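Novice: This is what each chain is made of:
Protein chains: 2
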Amino acid sequence: MDANNPQAIRRAIRSGQHKGNTSGLARGFVQANLAILPSDWAADFLLFCQLNPKPCPLVGVASNPGDFQIDSLGADLDIRTDVPRYRVFENGECVNEVEDIQALWRDDLVTFALGCSFSFEEALLADGLEIRNITEGVNVPMYRTNIACKPAGRFSGDMVVSMRPMKPADAIRAIQICSRFPSVHGAPVHFGDPAAIGIQNIDAPDFGDAVSIRDGEVPVFWACGVTPQVVLEQSRPPFCITHSPGHMLVTDLPNSKLSVF
Amino acid sequence: MDANNPQAIRRAIRSGQHKGNTSGLARGFVQANLAILPSDWAADFLLFCQLNPKPCPLVGVASNPGDFQIDSLGADLDIRTDVPRYRVFENGECVNEVEDIQALWRDDLVTFALGCSFSFEEALLADGLEIRNITEGVNVPMYRTNIACKPAGRFSGDMVVSMRPMKPADAIRAIQICSRFPSVHGAPVHFGDPAAIGIQNIDAPDFGDAVSIRDGEVPVFWACGVTPQVVLEQSRPPFCITHSPGHMLVTDLPNSKLSVF
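Sequences listed follow chains C and B, in order. Numbering-wise, numbering that gives the first Met the number 0 puts 88 at position 89 of the first sequence, and it's gapless, one number per residue. Numbering-wise, numbering that gives the first Met the number 0 puts 204 at position 205 of the second sequence, and it's gapless, one number per residue.
It is possible that some hints are incorrect.
If you want the footprint, here are the derived chain B segments under chain C, 3+ residues with CB under 8 angstroms [said to hold, decoys possible]:
1) 162 to 171
2) 179 to 189
Okay, derived cross-link-like pairs now, DSS-like style, lysine-lysine, Cα gap no bigger than 27 angstroms in a straight line [claimed, not checked]:
3) C:256 <-> C:53
4) B:53 <-> C:166
5) C:53 <-> B:166
6) B:53 <-> B:149
7) C:166 <-> C:53
8) B:53 <-> C:149
9) B:53 <-> B:166
10) C:166 <-> B:149
11) C:53 <-> C:149
12) B:53 <-> B:256
13) C:166 <-> B:166
The hints are simulated quantities; they were obtained by calculation from the structure and are not laboratory data. This one's a predicted model, so the numbers in the text were calculated from it and none came from an experiment. Ideal Cβ placement from N, Cα and C applies to all residues, glycine included.
Bound conformation, chain C alone (with noise of 0.2 angstroms):
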């Protein structure tokens, strides 16, 4: 397959030839996390969304209920096809993980994309900032944190952050860069401290992998797309999926366009 090219991508992982994450792939195009609900669980993940765009930012809805398109992201993307793998949760607890939703489809789901941190990443590496968890080649260490998301009907819970160590000036620099994107994330929610978001240990992060953090540099932290996996298990909807972590929805829509200056 073309790895730049989403179309070629998305096709790869529906005939069931790309199976892995999508880290790297498609390169200047938005990935984007998937959170499925029946759709009397709908409306309240929406407004949820709608009050916490840091931790949970839409850049597409499907238009009805059992509708498995959104054209905005791709024309021909079928969402029950297209994901290297999904998480299928029964009142909020995993209770399988697949490659292919159709079977499980039904009438009555509503399907959400939410940006992305490759889509920032992308960006502080182009204008020359070091991503720590890059040049490790591991997973960004992400956290449980006490800042509180805005309730939202029965969905409500606290943050998930990702962190990404900075010297002051490249994290001023990473401020700026990731307040004109958003969709993904936008700036950092806080620095420093991490005792002061309710973080006990920098080194013991709740998922992805530790990073080391050096002389002179601060932990910088992002709303991160874990967030509402994390508020779904907590509220328990009667049946979810989502993407599995790494595995994320490939689109056509440019990095750029989420840029709103």
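Start from chain C and add chain B according to the hints.
Specialist: Relative to the frame of chain C, chain B by itself:
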């Protein structure tokens, strides 16, 4: 005088009716740092400002040597009379402080007007952020650093910074707001550890007054308009004139016009 009308304020200063500093006057309008140099030093200084836009952001330059007007800053403006207090330097040393420079004016003098932090402080306050030096009713603390300015001809020196303590989330918002105003120092240059930029004692500023830093706050450092005065002292042009600290040139330029987006 009408304290919100820049022309009225300049008239009051010109007539000797207002002799004090200009802090809090003409809210919404740009106030400028002033540097006046003989023409054979002007090209070097212009280049210095061009190379160091954060400490030396030009908001106006007189079109020709000897001009005491800068139309873009105010049609009636007279550089020789419209600043409440001037400092006169010979060979880098302050030899006099005067309220009028008509008697000192020369046909070879070139006037530079540089943006000042009053403009971005106003934008921060308008967004609901606290400015500690304003809350505590003192001058902003300023420090010499080891951040070298880029040299230009006979001009060189280290950057002076101003400091405002903030919680990290407020600092992130301040970085966003100040990034919109590159003509008045723009985004901060550093936050956190003072020693990283050569500041030994945060409680003993080199200029201005100390302010309290509360639990959970970090010092945030902006490039400061005192930098060119320190550079002028070090570079020792035979003659130059600046405003006295806090006694700025009040212009007709709305702060909002400096916003780049």
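Novice: In ascending order, which of the hints set out earlier in this document are inconsistent with the structure?
Specialist: Per hint list: single violation, 8.
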